Amino acid sequence: MTARIFFDAFAALAIVFAGIMVVTRHPVRSVLSLVVSFVGLAASYVTLGAPFIGVLQVIVYAGAILVLFLFVLMLLNLDRPPAERGGRPVQAFLGGLGAIVFAAMLLGALRGSGTALPAAAPVPPDPLSLGEPASLARVLFGEYLLHFEAISVLLLAALVGAFVLARRESRV
Amino acid sequence: MIHGIPLSDVLLASAALFSIGIAGALLRRNAIQIFLSIELMMNAANLALIGYGAALGTPEGQIIVFFVIAIAAAEASVGLAIFVALFRHTETIDVNKITLLKW
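Chains A and B, in that order, give the protein sequences.
Its first residue numbered 1, the first sequence is counted upward by one per residue in the numbering used here.
Its first residue numbered 1001, the second sequence is counted upward by one per residue in the numbering used here.
Simulated from the structure, these hints should not be mistaken for lab results.
A couple of the hints might just be wrong.
Unchecked claim - Derived lysine to any residue pairs resembling SDA-like cross-links, with alpha carbons at most 20 Å apart:
1. B/K1097 x A/A92
2. B/K1102 x A/R88
3. B/K1097 x B/L1027
4. B/K1097 x A/H26
5. B/K1097 x A/N77
6. B/K1102 x A/Q91
7. B/K1102 x B/R1029
8. B/K1097 x B/A1031
9. B/K1097 x A/R25
10. B/K1097 x B/F1083
All figures in this text were calculated on a predicted structure; none of them were measured in a lab.
Input sequences plus hints: build the corresponding full structure.
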C-alpha cells in the first residue's frame, strides 16, 4: 500500500510539472519544469521495480537531453519577451479540442479492457529482481545484442548528422 | 498489481502525461516547446511500458524503454541541430513564422 502512495505522489508530481511545462510561455521555465517532471517519473519507475531505468532516466533524460535543450536555448539567445497571446484563435481552439478529444479517447480505452492482462502471464517469484542491472544486462547483452549494436550505430549517425546540420555553411 | 500498485494507476498517469504532451504539441508555437512536448509523450509511453513489463513480469518492457531513451538522445541532438540551423536562416523558431515550405 505504501508503494501505491509513493507511486501516486511521484506520478502526480510528474503530471503537475508537465502541465506547468505546457502552460508557461517562457521556454527556459518550460525546460526546467520538465526536468522536475522527469525526475518524478524516474522516482515512479523505481517504485515500479525498475531502479536501473530510473537512474538512466535521471542521468540521460533529466541530465543530458534537457541540459542540451538549455544549451541550445542559451545559444539562440531568445531573451525577447515571449510571443503575444492570440493571433490564431481558430488554431488554438482546434488544438485544445483535439487534445481533449484525445484524452477522452484514452480514458474510454482504459475504462474498457485496457487494464486486462493476458490470463497466463508468467509472473516470476520475485518481480523486484527484474530491474536489477545484472538481470537486465543478461537479457540486453544476450537476446538483444544485435539491437544494442544497432543503437550504437544510430548514435554515431546522429552525432555526424548533428555536426553537419549545426555547422556554419559559409565555406561549403 | 505490481507489488501493491494497480496497473490502472500507471496507465492513468501515462494517459494524463500523453494528453498533456498532445495539448502542448498542438497549442505551443515555440518549436522548442513543441519538441519538449514530444519528449513528454515519449516518456508517457515509457511509463506505460514499464508498468506493463512489471505487471507481466517480463524484462522486455524495461529493455524497450532503454532503447527508447537511447533513440530519444539521438533524436534530441539532431532536432536541436536543425533548430540551430533554422534559427541561423530565419532568426526565429516560431513555427507560425517559418513558412519556407509553404507555397
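Proposed proximity, A/A92 with B/K1097 (alpha carbon, max 20 Å): holds, 16 Å
Hint consistency between B/K1102 and A/R88 [alpha-carbon to alpha-carbon, up to 20 Å]: Holds: B/K1102 and A/R88 sit about 17 Å apart, inside 20 Å.
Pairwise hint evaluation, A/R25 against B/K1097, where the allowed Cα distance is 20 Å at most: holds, 17 Å
Proposed proximity, A/Q91 with B/K1102 (alpha carbon, max 20 Å): This hinted pair holds, its Cα atoms lying about 17 Å apart.
Hint consistency between B/K1097 and A/H26 [alpha-carbon to alpha-carbon, up to 20 Å]: holds, 18 Å
Pairwise hint evaluation, B/F1083 against B/K1097, where the allowed Cα distance is 20 Å at most: It holds: about 14 Å lies between the C-alpha atoms, which stays within 20 Å.
Holds or violated: B/K1097 to B/A1031, with C-alpha atoms at most 20 Å apart: Distance of about 11 Å is within 20 Å: holds.
Straight-line alpha-carbon gap B/K1097 to B/L1027, limit 20 Å: Holds, at roughly 15 Å.
Pair hint B/K1097 and A/N77, alpha-carbon separation not exceeding 20 Å: This hinted pair holds, its Cα atoms lying about 17 Å apart.
Given pair status - B/R1029, B/K1102, alpha carbons within 20 Å: Given pair B/K1102, B/R1029 holds - Cα atoms ~17 Å apart, limit 20 Å.
No hint from the list above goes unmet by this structure.
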